[in-house]
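Since the structure of chain A is already known, use the hints to place chain B with the ligands on it.
Residue numbers (the working numbering), protein chains in the order written: chain A, 1 to 312; chain B, 1 to 428.
Worth flagging that the hints you see were computed from the coordinates, not collected in a lab.
Treat the hints with care, since some could be wrong.
[To be verified] Here are the simulated DSS-like cross-link-like pairs (lysine-lysine), alpha carbons at most 27 Å apart as the crow flies:
#, chain 1, residue 1, chain 2, residue 2
1, A, Lys134, B, Lys13
2, B, Lys82, A, Lys199
3, A, Lys154, B, Lys144
4, A, Lys137, B, Lys276
5, B, Lys82, A, Lys26
6, A, Lys162, B, Lys19
7, B, Lys49, B, Lys276
8, A, Lys145, A, Lys158
9, B, Lys144, B, Lys276
10, A, Lys42, B, Lys82
11, A, Lys162, B, Lys13
12, B, Lys425, A, Lys42
13, A, Lys158, B, Lys19
14, A, Lys92, B, Lys425
15, B, Lys82, A, Lys158
16, B, Lys144, A, Lys137
17, A, Lys154, B, Lys19
18, B, Lys276, B, Lys241
19, B, Lys423, A, Lys92
[Stated by the list, open to error] Between beta-carbon pairs, the in silico distance windows are:
#, chain 1, residue 1, chain 2, residue 2, range
20, B, Leu314, A, Ala98, 53 to 63 Å
21, A, Lys158, B, Lys9, 37 to 47 Å
22, A, Ala98, B, Ser308, 25 to 35 Å
23, A, His298, B, Leu5, 48 to 58 Å
24, A, Asn101, B, Phe404, 33 to 43 Å
25, B, Gly34, A, Asp95, 49 to 59 Å
26, B, Leu314, A, Val97, 50 to 60 Å
27, A, Glu150, B, Lys9, 42 to 52 Å
28, A, Lys158, B, Ile398, 48 to 58 Å
29, B, Val408, A, Lys158, 34 to 44 Å
30, A, Glu150, B, Tyr375, 53 to 63 Å
31, A, Ala98, B, Ile366, 49 to 59 Å
32, B, Ser277, A, Glu150, 22 to 32 Å
In this text, a Cβ means the ideal position worked out from N, Cα and C, and glycines have one as well.
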Amino acid sequence: MILPFAVDNLFLPGKAWKLSDDFAIKTEDLTKAYRSFWGRRKVLALNKLNVVIKKGEIFGLLGPNGSGKTTTLKLLLGLIFPTAGRAYILGKPTDDVAVKNRVGFLPEESCFYRFLNADETLDFYGQLFRIPRKERKLRIDRLLKRVGLEFARKRPLKQYSKGMLRRIGIAQALINDPDLIILDEPTSGLDPIGTKETKDLIVELKAQGKTVLLCSHLLSDVQDICDRVAIIDKGELQISGTIGELLSSKDIVELLIRNLSKETIGEVEMFIQEKQGEVVSIKNPSGTLEDLFLKIVHERRETGWDKSEMSD
Amino acid sequence: MQQILVIAKQTFKEAVRNKILFIFIILGLITICGSVFMPVVGDGREKIKIVESMCFRSITFFGTLAAVLLSASSIPTDIENKVLSTVTAKPVQRINIIFGKILGFVYIIGVLLLIMGSVSYVLIRVTALKESSQGGRGLLAREKFDPVDLQIAGDSARKIGNVSWIGGGKEAAVWKFKGLYSKDKNDDLEIEANFLIEAKKKSIGKIPVKVKIINPSSARVLTESMEISRNKPLFFKLNSKSLDGSGELTVVVSPENPDDFLGIRSDSLRLFWGEKSFGCNYLKGLIVISTQFFLMVIIAVLGSTFLSLPVNILFCLFVFFCGNITDFMRDLSTVINIIETREHDHGVSAVMQKSNIFLIYLNHIIKKPILLLSYILPDFRYFSVGKYFIDGINIPGIKILMGFGYAVLYTLFCLPISFFVFKRKEIA
Ligand SMILES: Nc1ncnc2c1ncn2[C@@H]1O[C@H](COP(=O)(O)OP(=O)(O)O)[C@@H](O)[C@H]1O
Ligand SMILES: [Mg+2]
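In isolation and in its complexed conformation, chain A is listed as follows (with noise of 0.2 Å):
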């Protein structure tokens, strides 16, 4: 006789991995301490971060300057190594080499050979992924016409402004068609038409059923797009969830009340002391992801409460 959880722990092990792979990412007590060169004054860039990002989603990872956001992204890519913690990129370890083949990376700063031009860049990323040739032309074509640089294609990238370095950045990230997306600050340097040209892109990317982890400090760009968001601050994740479960607080109740003078007002108020008035709408009230970002921040700084710098 087996009793029913001993039978749900024996499929346990094929279960977890098939959840993992459910998971574009997940990091699991996520640590970071930069050295000095000597091994001394650390920098806890990343303490314990534990988020999971669903297949298909956008996630945008929030948080101001220095607070560790570039910091998650390098370790899921394995440009630098946790000093506690695992991460998993589309269910294999960050140090799995081959899993890059699905994964496009977006830098903060997008430096590339400044010899080359856009043409040829595309083709040396393309030919890292062992794109066959003819396939590498089509995409190279297609991308730029994406990006909008076609124009430029044959410009050495020395010449580029930042904002076409942001985009060829972006055709660059998205040169092998891969699954999982990882972009740092996309629309850092980019003006309001290629701000929206990048979100309308994430969100295309999501609709052919990608999955995109986007950092950011620009709040705005993420309140449109986002599924879901993280807010991180020195290192620590603050709170994470979809926008409308963070945005919105249930002890407050919102009237929105249309063509009333000052008086009557006044006499409402008066009223709905005494009993029910009328009411047009009564809903959550519902903020700006900006004063939430600004709450959780102040609220930290307020405190004093700072663990980021340590010294031994």
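Chain B with the ligands in isolation, oriented as in the chain A frame:
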């Protein structure tokens, strides 16, 4: 493999578009061509020597500089520019990045050697043609034979460092040659002797010596009296008939006067017989030089995995400098040795003979580390072929093999360290 080639091509492209490579090549070509206008005292052979040595020196100098500067800066620059973070984010094994970079530097060196080497070759050929039309000796690639044995006959010879001092009438130096063979049987044998001399009267620049040439198989002996001058090699020719086809020869040298001393090293006496193709010899020289460049690249790549750009360049130049003065470094420790033992006075100046507390400390603090360093750092003497050209000597195959083997050994030592460090490097 495809990735390695892609990274190599990219590295090469970068160097070309930077124009750094061409700056080195052009500077090199200027010095090479400048050698034609060098003023020369002496015959046509001297002129060719100058051109040859200038060509080789500038290929070595600018090649080394280019190899060091380009390969030492490539990875640190890529990290600084954050280019490497985009490359590492792709499915590229880090080991392939290193291999790709090295291969790229090999391309670069190849182009540099091809351009500078062919221009030099043409220049040397033209110079030789011009000079030999006036009756000079032209280009030489003589086959050199080393003695199988050097013995000092007599009992009171003294050895200082690697120099044996023999006195007149008491001692003699005996060189034995075996396996003398040449395709050009009828050519004369050439013997060249470089001795240090110590005459009783310091002012005298020449001492008389007796030279005996013995054919051991036929027991034929040829005795001649000659004069050896300070700082000037002694030349004499020998008819190949005196060998009788035995391929064996013994040369005995001793000073005539009891008060004269001859300082002798194992390579003091050289024997040449037969002429090889200069073009082939030139190619061999370039191969040895390129092996040295490759070794520099390996060291620079090793340095660039853990050093910052300026530090790495300094590191490489330091290694190169020390690698070229290994002799000096070992000599230094030998000199210090002499101070300690003070066995013999020849060759050591009066200041050094006094026991000096400073020098004794120097001995303990500096001698050991210098000696150790001279063994750890690469020894570029394995790749020094310039002398062969200037002296018109065919580069023996063993020299090429030794250089090759040394480079391979050193690479096998350095590369795994590079991989190990780079694999753990944080590309921030
Ligand atoms: N290579 C590094 N060495 C030392 N400290 C670093 C390094 N990179 C980042 N840091 C520190 O780690 C913290 C987080 O940096 P980062 O992840 O770049 O922040 P963000 O991307 O959120 O602006 C900062 O305090 C920063 O100073
Ligand atoms: Mg950042």
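Outcome of the hint check:
no., hint, in the structure
1, Lys134/A with Lys13/B, "holds, 22 Å"
2, Lys82/B with Lys199/A, "holds, 25 Å"
3, Lys154/A with Lys144/B, "violated, 58 Å"
4, Lys137/A with Lys276/B, "violated, 53 Å"
5, Lys82/B with Lys26/A, "holds, 26 Å"
6, Lys162/A with Lys19/B, "holds, 25 Å"
7, Lys49/B with Lys276/B, "holds, 17 Å"
8, Lys145/A with Lys158/A, "holds, 20 Å"
9, Lys144/B with Lys276/B, "holds, 10 Å"
10, Lys42/A with Lys82/B, "holds, 23 Å"
11, Lys162/A with Lys13/B, "holds, 23 Å"
12, Lys425/B with Lys42/A, "holds, 17 Å"
13, Lys158/A with Lys19/B, "holds, 15 Å"
14, Lys92/A with Lys425/B, "holds, 21 Å"
15, Lys82/B with Lys158/A, "holds, 14 Å"
16, Lys144/B with Lys137/A, "violated, 59 Å"
17, Lys154/A with Lys19/B, "holds, 19 Å"
18, Lys276/B with Lys241/B, "holds, 21 Å"
19, Lys423/B with Lys92/A, "holds, 19 Å"
20, Leu314/B with Ala98/A: 53 to 63 Å, "violated, 39 Å"
21, Lys158/A with Lys9/B: 37 to 47 Å, "violated, 19 Å"
22, Ala98/A with Ser308/B: 25 to 35 Å, "holds, 32 Å"
23, His298/A with Leu5/B: 48 to 58 Å, "holds, 54 Å"
24, Asn101/A with Phe404/B: 33 to 43 Å, "holds, 39 Å"
25, Gly34/B with Asp95/A: 49 to 59 Å, "holds, 54 Å"
26, Leu314/B with Val97/A: 50 to 60 Å, "violated, 34 Å"
27, Glu150/A with Lys9/B: 42 to 52 Å, "violated, 25 Å"
28, Lys158/A with Ile398/B: 48 to 58 Å, "holds, 50 Å"
29, Val408/B with Lys158/A: 34 to 44 Å, "holds, 39 Å"
30, Glu150/A with Tyr375/B: 53 to 63 Å, "holds, 60 Å"
31, Ala98/A with Ile366/B: 49 to 59 Å, "holds, 53 Å"
32, Ser277/B with Glu150/A: 22 to 32 Å, "violated, 57 Å"
Of the numbered hints stated above, those contradicted by the structure are hints 3, 4, 16, 20, 21, 26, 27 and 32, listed in ascending order.
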